[in-house]
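*Asks:* Here is what each chain is made of, one letter per residue.
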Amino acid sequence: MRRQVPLILCFAFGIVMALTEFSPHPFSQWLNEEIIDWALVIGPFALVLAVATLVQSHWTRIRRRSEYWQYSFLVFIGMASMVLIGIPGGQRHEAFVWLFRYVQVPMDATMFSLLAFFIASAAYRAFRARTLEATLLLAAALIVMIGNAPVGDLIWNTIMPFQDNLPSTARQWILDNPNLSARRGIILGISLGVISQSIRIILGIERSYLGGVEGD
Amino acid sequence: MELIGIWVAAMLTLCIYSFLYRDNPFYRFAEHLFVGISVGYGIVLTYHQGFKPFAWNPLQEAVTEQEWIGLVRLIPIGIGVLFFARLVPSQGWLIRYPIAILIGVGSGLAIPNVMRADIFEQVHGTLAPFAQIHAGELSRFQIFGVVLMLIGVISTLTYFFFSVEHRGVVGGVSKIGIVFLMIGFGSAFGNTVMGRVSLLIQRVDFLLHDWLHLI
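Protein chains in written order, with my numbering: chain B, 4 to 219; chain V, 111 to 325.
No lab work stands behind these hints, which were simulated from the structure alone.
Treat the numbers as computed from the prediction; the structure is a model and nothing was measured.
Beta carbons: idealized from backbone N, C-alpha and C, even for Gly.
Some hints here could point you the wrong way.
As the list claims (entries may be wrong) - Reference listing, derived: stretches of chain B covered by chain V, where coverage requires no fewer than 3 residues with Cβ under 8 Å from a Cβ of chain V:
| # | stretch |
| --- | --- |
| 1 | 7–14 |
| 2 | 47–58 |
| 3 | 83–91 |
| 4 | 141–147 |
| 5 | 157–167 |
| 6 | 177–185 |
| 7 | 200–211 |
Claimed, not checked - 25 Å max Cα-Cα, derived DMTMM-like pairs, lysine to aspartate or glutamate:
| # | chain 1 | residue 1 | chain 2 | residue 2 |
| --- | --- | --- | --- | --- |
| 8 | V | K162 | B | E37 |
| 9 | V | K162 | B | D40 |
| 10 | V | K162 | V | E175 |
| 11 | V | K162 | V | E141 |
Chain B on its own, in the form it takes in the complex (with noise of 0.2 Å):
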């Protein structure tokens, strides 16, 4: 019951998506839509699960006047406030909008602009043409940087009589040919390996999501 079910379920599900993919009959069609309906009810109870978790931790912080605990309240104030106005309101109620737009929206921008500082000093850092490979990373990168500016075909128009939008074109090149190329290998490689460990999944060879939980 506790491990041989599960592997069970894992093992249906899996051949039965597996096999309803290839397969035209409307049963079949019918029949991989309603698992896949299924698996997007059992999802969001996985979150409930996390944001319980999120709660009980905070909550915790708070319990023990742990350090900066004031700011847990934050996090209740902004979550009930967002599932307080959108479960009942919908996702266009005008409030639910207005926190989307004026506070989430422009922090998450905010979140992601302030690695621009941390990634240029990482990279002062760590780029240093020491070998070949370490050179043509820092080619790549200054080459796609530079041709992603306009301000680079503009200093490139200016200073050299030649070739115009270099940059740009260059970039355009290196994105479309090298860069695309090591992409694929790693995708293929990716899509192998996702492969063969579906299958190890199914078959129950790979059983490491069962985990040791309590009560086992």
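Fit chain V to the known structure of chain B by using the hints.
*Replies:* Chain V alone, transformed into the frame defined by chain B:
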């Protein structure tokens, strides 16, 4: 409301940028609010795009319109509820049932879809241009790119092929693979930096244009 929104967004933006000086109460305020708002947004999205259309609505229709087949959705709801078994230590093993189903569905879907989208399409994209070369549709420079693409894909794959020792021909080909990988990583880094810089420009533009009307 729009004016208040712009002021709120500007204040929160400045709170987050204050971290560039050092960790401070303003940054912690914005950081914790951001976590709460984002989690709340995720909950609302999951409810309206996942639970409501796929679980609640079929059940409601089953009861109001007597389409009893909709009651079948009680089964995945029951399975989903088993996630909460994690909160009861002695029954924690029950969480394996929904996890096993989700992993089984994901694995079953991955096999045909990954094969189709990531293997067949990528191989097709690498080899199809050779037909254009055969038809005489490509310039010499484009032919160079097509051949370079094939060499890059094969050498990169060889670099990740660990079943054979990287010596001799295999070692040489895998070294070529490293060259392509480095150019690929460099390009990815350059694109990431430019993406972040674009966000920074957008935020500065918001502060100077939308908020202060200076530009």
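*Asks:* Tell me the numbers of any earlier hints that the structure contravenes, in ascending order.
*Replies:* Numbers 5 and 11, in rising order.
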